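> Sequence:
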Amino acid sequence: MHIAVLTDGDTRVAITPETVRKYEALGGRVVVQGGAGTRAGISDSDFETAGARVAPDAAAAVRDADIILAVSRPEEAIIRACKPGAALFATMDPHQANGALEVMAGAGISAFAMELMPRITRAQSMDVLSSQASLAGYRAVIDAASEFPRLLPMMMTAAGTIPAAQIFVMGAGVAGLQAIATARRLGASVSATDVRPATKEQVASLGAKFVAVEDDEFKAAEAAGGYAKQMSEDYLAKQAELVTAHIAKQDIVITTALIPGRAAPRLVTRAMIDGMRAGSVLVDLAVERGGNIEGSKPGEVVDAGRRIKIIGNSSIDRIGTTASSLYARNLYSFVSTLIDRDKPGLAIDWDDELVKSTNLTRDGAIVHPAFGGAKPN
Numbered sequence: 001m002h003i004a005v006l007t008d009g010d011t012r013v014a015i016t017p018e019t020v021r022k023y024e025a026l027g028g029r030v031v032v033q034g035g036a037g038t039r040a041g042i043s044d045s046d047f048e049t050a051g052a053r054v055a056p057d058a059a060a061a062v063r064d065a066d067i068i069l070a071v072s073r074p075e076e077a078i079i080r081a082c083k084p085g086a087a088l089f090a091t092m093d094p095h096q097a098n099g100a101l102e103v104m105a106g107a108g109i110s111a112f113a114m115e116l117m118p119r120i121t122r123a124q125s126m127d128v129l130s131s132q133a134s135l136a137g138y139r140a141v142i143d144a145a146s147e148f149p150r151l152l153p154m155m156m157t158a159a160g161t162i163p164a165a166q167i168f169v170m171g172a173g174v175a176g177l178q179a180i181a182t183a184r185r186l187g188a189s190v191s192a193t194d195v196r197p198a199t200k201e202q203v204a205s206l207g208a209k210f211v212a213v214e215d216d217e218f219k220a221a222e223a224a225g226g227y228a229k230q231m232s233e234d235y236l237a238k239q240a241e242l243v244t245a246h247i248a249k250q251d252i253v254i255t256t257a258l259i260p261g262r263a264a265p266r267l268v269t270r271a272m273i274d275g276m277r278a279g280s281v282l283v284d285l286a287v288e289r290g291g292n293i294e295g296s297k298p299g300e301v302v303d304a305g306r307r308i309k310i311i312g313n314s315s316i317d318r319i320g321t322t323a324s325s326l327y328a329r330n331l332y333s334f335v336s337t338l339i340d341r342d343k344p345g346l347a348i349d350w351d352d353e354l355v356k357s358t359n360l361t362r363d364g365a366i367v368h369p370a371f372g373g374a375k376p377n
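Per our numbering: the sequence shown = residues 1 to 377.
What the hints contain is simulated information worked out from the structure, not anything from laboratory work. Note that the structure is predicted; figures quoted are calculated from it, not measured. Heads up, the beta-carbon is just placed ideally off N, CA and C, and yes, glycines get one too. Check the hints yourself; a few may be wrong.
Stated by the list, open to error - Derived lysine-lysine pairs resembling DSS-like cross-links, with alpha carbons at most 30 Å apart: (1) Lys356 x Lys83; (2) Lys343 x Lys249; (3) Lys356 x Lys22; (4) Lys356 x Lys309; (5) Lys22 x Lys343; (6) Lys297 x Lys209; (7) Lys309 x Lys297; (8) Lys309 x Lys200; (9) Lys249 x Lys219; (10) Lys200 x Lys238; (11) Lys219 x Lys200; (12) Lys209 x Lys219; (13) Lys83 x Lys343; (14) Lys219 x Lys238; (15) Lys309 x Lys209; (16) Lys209 x Lys249; (17) Lys297 x Lys343; (18) Lys22 x Lys83; (19) Lys238 x Lys209; (20) Lys249 x Lys200; (21) Lys249 x Lys238; (22) Lys343 x Lys356.
Claimed, not checked - Distance ranges between label pairs, derived from CB positions: (23) Gly299 x Ala204: 32 to 40 Å; (24) Pro149 x Asp216: 36 to 44 Å; (25) Asp342 x Ser232: 48 to 56 Å.
Please put together the full structure from these sequences, using the hints given.
Next comes the structure, spelled out in structure tokens:
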């Protein structure tokens with residue numbers, strides 16, 4: 001059973017020496033594309049010591065591979081180089097695939113989108129979105145603190161008392177809750193908002209104040225799987241009025257709101273930013289999906305005037321070693337359930353809930369119903 005690992009465009013890698021050994025114990029022969037782990041602090045020799053073989057390029061790595069592991073969806077040329085019947089596991093961004101699903105189907109591979117893993121108890125160890133979002137929430141606070149010109153905790157000195165920084169977290173999902181916890185540990189005064197009523201108790205349990213318009217629409221505002229759903233224009237207007245007044249009193253704002261399959265909702269307008277104190281900092285974790293904050297730019301720290309900064313480069317790419325470790329474990333937890341341990345090879349139960357939720361293509365067709373697919377004959 002040949003397992004190939006590809007180099008990706010960010011600092012993460014889909015396997016670590018720890019999981020190389022685990023795959024080998026299941027009967028796998030791991031081949032890693034040269035340089036795949038370099039930006040995550042893992043050298044080719046580290047992989048070789050763990051038992052993997054290093055291939056000179058992607059084509060050599062995937063040749064005859066039964067399983068391909070990657071952080072993000074590979075380029076078309078690499079997909080076409082895979083043998084028919086191979087299983088590809090990565091974060092696929094299927095809502096923005098731009099024809100890639102057709103390419104994967106045409107290549108005859110079975111593609112699995114790790115970000116579609118259902119959020120159920122059995123899949124917790126496989127939940128890529130949660131593991132990576134938790135790191136992003138932590139990093140957002142650290143990045144904000146590094147740009148903020150004052151201290152975060154209250155500090156009593158002989159020269160007087162320094163007040164705690166006011167931090168507002170918008171979106172109390174995994175990333176938001178980690179941001180709240182990190183900000184609290186650093187001594188800031190924290191508040192948070194979310195459209196899902198279930199998060200109110202979670203926010204309070206971390207010692208933060210919950211801020212939201214709690215009307216009837218709010219009480220019903222949670223989609224299947226625990227995700228936020230699109231709110232009405234009337235509710236958004238009322239929430240914006242409340243948030244505008246609240247943001248004016250904040251030093252740091254961190255936004256984390258995403259809706260699957262849609263552009264990120266605009267939560268912070270230019271007018272809100274102009275109402276903040278000089279030297280304030282905003283962090284937009286949804287910047288790659290259009291951004292929650294007006295004026296944010298991917299990969300940049302934008303000067304919004306009056307020493308206000310909008311951070312669009314707070315990313316898990318900057319903690320690639322830790323992010324790779326968690327991502328690789330998520331992958332192994334899922335892939336290992338699809339391997340026959342008696343006679344090493346793939347033994348996929350196509351009716352399993354986890355498989356059906358993540359499988360995009362199979363037997364030359366797109367099979368996921370959310371992307372126009374139908375079960376193959």
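> Tell me, which hint numbers fail for this structure?
2, 4, 17
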